[in-house]
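Number of protein chains: 2
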Amino acid sequence: MNPVTPTQQRDLVCSTPLFTDLYQLTMMQGYFLQGMHTQEATFDLYYRRQPYSGGFAVWAGLEPALDYLGHLSFSRADLDYLASLQLFRPEFLEALGGWRFSGTVTAFREGRIVFPHVPLLSVTAPLWEAQLVETALLNTLNFQTLVATKAARCVIAAASSPHGGEVVEFGARRAQGPNGALSAARAAFVGGATATSNVEAGLRYGLPLSGTHAHAWVQSFGSELEAFRAYADAYPDSTVLLLDTVDTLKSGLVNALTVARELREKGHELRGVRLDSGDLVYLSRRVRAGLDAAGFPDVKIIASNDLDEQVIASVIAEGGRIDVYGVGTQLATAGGEGGGALGGVYKLAALNGEPKMKLTGDPVKSNVPGVKRVWRGRDREGTVTFDVMTLGEMPKEGDLVSDPTNPLKHTHLPALEWEDAREVVMRDGQRVHPADDLPTIQARARAEALQLQEGTLRLLNPHQYKVSIGQDVADLRDRTVRDIRADQVGS
Amino acid sequence: MNPVTPTQQRDLVCSTPLFTDLYQLTMMQGYFLQGMHTQEATFDLYYRRQPYSGGFAVWAGLEPALDYLGHLSFSRADLDYLASLQLFRPEFLEALGGWRFSGTVTAFREGRIVFPHVPLLSVTAPLWEAQLVETALLNTLNFQTLVATKAARCVIAAASSPHGGEVVEFGARRAQGPNGALSAARAAFVGGATATSNVEAGLRYGLPLSGTHAHAWVQSFGSELEAFRAYADAYPDSTVLLLDTVDTLKSGLVNALTVARELREKGHELRGVRLDSGDLVYLSRRVRAGLDAAGFPDVKIIASNDLDEQVIASVIAEGGRIDVYGVGTQLATAGGEGGGALGGVYKLAALNGEPKMKLTGDPVKSNVPGVKRVWRGRDREGTVTFDVMTLGEMPKEGDLVSDPTNPLKHTHLPALEWEDAREVVMRDGQRVHPADDLPTIQARARAEALQLQEGTLRLLNPHQYKVSIGQDVADLRDRTVRDIRADQVGS
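If you read the sequences in order, they're chains B and W. Offset between the first sequence (1-based) and our numbering: plus 251. Offset between the second sequence (1-based) and our numbering: plus 251.
So that you can see chain B by itself, here it is in the shape it has in the complex:
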């Protein structure tokens, strides 16, 4: 809420190549010793289940992921450490000395709305390069996508009020590690949060900051009124008073009104009040009425205390009058049903021009082989309705397409306007575009969310967006399965 001059975007990248699972490095050496390391591989990054049992996700973390890819190299200390593990041969470690990521990345631009089983990002690179980066890509993209989606869900809930409402991110103290907090602040903004309480996130990402004061402030003074006055003295134009240190209505509201009147006499206005405990519906209605009756209709009511999208929706449904929702733990840790982790995966889809897939007893866990293009279809009203993967060609009306995990579910495509939904964002290890800034990414997410069928955004039991594979991909998959089975029989 405090406007911030964006400063340099120091990016959140764990820029060491050692931020990876050990097996990536042992496999790299294995490929190297086999002379296979430079074979051209394509890996697809996707997830299988919509987080929070919802109908959509907001794709986030791409820009930090590209920064990571663009800056990766092994330092002398990294190589010394690897040597100390007694797993790696000198010729391999020497080769790592000059190692850089030289691959091509095709991806949805950050902020787009995305769906399960669709490759959100594909890496085409020499096998040992594509293999190393799996862990960090998944770590960054899984978590930021999850938090951006959670934030969008909170924003959708807040927007259901006839009086409007915004969402700010307050979770630093409960986040999973310091950079968990920084990633969460960034991703929450992508998903539509308007500010964060995390000052370092403000500095790194140019995010607007938001803050009030804590109970300790009130406790540190002889009385609540004295504490409120001192805060208003220090911040005459940006004071938000926390009402519940003693008693929200009998003490907090009364003292806040006193201070609001004193500020007005001096030509200032109280910015807001904060509720942090108790029945938020009852208290927010009483506080709103008290503020309005005293002539302060513009004083905002900010609420915190274990909020999430469900609590926000229920507070609004019951007539609560909250203007700003400070969402902490549940946003910064992406809590809730199926929350905490997005099960994104990164699977080999092609090697040396050959399609690759992992067979398994459970078809949901098989990947779709081949180098694919992702097409997004819009109807005449511009409503986004369909993602289709093909081996290249644009889908057309009447094409038979099928569910990515169940060939028995198929349909003929209606007439739609098709967009090649992903772009080459990195070529030969170099970014193709300058990095998108966060307001652009946030606006992209918002704009595309508004193009979805309304039911897709529903928080509970949403409409399920259609994702399909074209006949060419289905045929390739059938051939690949047959070939793998034949190889196994022959082996």
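I should point out that these hints are in silico values taken from the structure, not numbers from a laboratory. Treat the hints loosely; a few may be bogus.
Pairs involving identical chains hold if they fit within one copy or between any two copies, as the list cannot separate such chains.
The list that follows gives simulated cross-link-like pairs (lysine-lysine, DSS-like), each with its CA atoms no further than 30 Å apart [to be verified]:
no., residue 1, residue 2
1, Lys551, Lys616
2, Lys717, Lys551
3, Lys501, Lys616
4, Lys501, Lys551
Dock chain W against the given chain B, drawing on the hints supplied.
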């Protein structure tokens, strides 16, 4: 599992003072403008509910927290950023230029077993110093304690097998941000995990590393057998083969036995096999029987695939034969009931020698006022049974003590041996001891866990350890409540 030469302990500290909530900085300036910033404050850090509905927690993150406190200062860039927010006055920013943490910290040493409502760490410092550090202390200690506790629960579950079993941390790709992954790897080790897959965590913390290979390795070769042979060639003494790329029993096990025989002919032994899907009970029994029958009883079975303490316990209860549990998502994100975030808080307990508390309608959310000492009682057998807070004196047999949140629950103390359970770990901003190393911390956790009543470690419906306040603390609280009420009436 691969022994690692510990290298320098580059510590995980978000060492910028801007890693804090905005309101900490606005309150600091408020105290500064009131001339209150140097008043001596004591804040207590504690949590209210046992994570995972369990009976204990493993205290973790203290050493990184002390590193953070010891290295905190505002850089020129930090101050320029704060100035750009148009909230802070030049005289305050100038004062921040020379700001250091000069406080005293009293805490449980890292790795000790801890319980709700007990101050685990208390900061006594000038008010503006103690206030700033709240966010980072909570962030680090909340998350690491939560993960260490989760790891300990997994280790307890694994130890319930008559064949033993160890736990390794595999969660980097699903962790909440890169440092979420690093913090989790460190904390998992504190809680008893024996290794991590995260190479950077190995480097930073000297942790043993563990790894196998991925499905992509098998897919990259013409056949599974070829892939297994190539891996065994590269790592003749440390090969672990992933069995489920094609079919665990019909293909994976058969090919692994072939490679195990070939390795043995060359004077090496296959280290292990990994199961990553399917019915782990059935498959592990079949694979164990197959390995044993073929003369490979020492080949370990490693399992992964969405494990947690409940899955581990149920696999063992049904006769599964797994030697190493690779726990990923649920460990790195501290998933499960009440998981994802530990609700640790940091509350003002005294200012300028006066006790302080936050009143609230809900007694569970009130803090215990005053500067307290924490005593831990052991019975004649050495079993840890009781934590008691007093204002200083050692408890003695027959003392009346009461529940921290419910004065109606009280008891007379039995005869116990009392230990002053916390130590001054930082005085005037300087560490008192050299940092504990991680093996020491891990051993401390393990040793104290073994001193608890057995039921306290139970995963479901555990025995609830007793935490109490002495009569002196109870009397102080009563006086403090009366004084606050009187002040409010008088205000």
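Hint numbers contradicted by this structure: Per hint list: single violation, 2.
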